[in-house]
Amino acid sequence: MTTFINPLARWNSRFSAEGYLFGESPNAYLAEMTPSLKAGKTLALADGEGRNSVWLAKQGLDVDAFDFSPVAIQKAQQLADKHGVKVNYHCSDWESFDWAPHRYDNVVGVFFQFVNPASRSALFAKMDQALKPGGILLIQGYGKDQLQYKTGGPGEIDHLYDDELLLSAFSNYSVLDINTYTAEVDEGAAHKGMSALIGFVAQKR
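In the working numbering, the protein residues as written are 706 to 910.
Incorrect hints may have been included.
Said to hold, decoys possible - Derived pair list, reagent style SDA-like, types lysine to any residue, alpha-carbon separation capped at 20 Å:
(1) 909 / 877
(2) 909 / 879
(3) 787 / 775
(4) 849 / 819
(5) 746 / 909
It is worth saying that the hints were derived from the structure and are not from the lab. As the structure is a computational prediction, the values presented were derived from the model and not from experiment.
Work out the full structure, taking the sequences as your base and the hints as a guide.
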């Protein structure tokens, strides 16, 4: 019989390990594409232990971030304190977060492929809702070939991304960058090794 493990309990356990599960440095694609972001208010969703939100705050952006794990939020706050930056952290799942319309100049999502296709459509709609017209959306995810590498990600093909999925979901955006590629990833113990990736940056019309 398969034992069900509550996702929150599982992630709290993973984040409770010593050190930072995904490292302290920002995602490489986010760091590369940061110049494409607009000055102003920025959301980092499902931000985990804070490596990406802290990076964004260090660039002078006004950053909100959320994650559903209180353990992750505590470590994220510690990381922000270590770097001397302020991030507005919220302990929330994506369904409960306050996606106020047109609040953000940038919405950033890095490796947040925890939802099935039906829920993903709802999440993408909330991301779009929260972004101001003219705002920038940045997504980094695992591509469809990631199952052959097994170096991170959800391990379920319908949770992975390709160009067609993102272009269709955000068809009212002007694409600034879309790139499906393989690269060596070194992001803590959880994301390490050759990986199939997709990067997407687009401006809301």
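Satisfaction of hint between residue 909 and residue 746, Cα-Cα up to 20 Å: holds (15 Å)
Proposed proximity, residue 819 with residue 849 (alpha carbon, max 20 Å): Status holds; Cα separation ~15 Å.
Pair hint outcome, residue 787 versus residue 775 [Cα-Cα no greater than 20 Å]: OK: residue 787 and residue 775 at ~18 Å, within 20 Å.
Holds or violated: residue 909 to residue 879, with C-alpha atoms at most 20 Å apart: holds (6 Å)
Given hint residue 877 paired with residue 909 - CA-CA distance at most 20 Å: OK: residue 909 and residue 877 at ~7 Å, within 20 Å.
The structure is consistent with each of the numbered hints, conforming to all of them.
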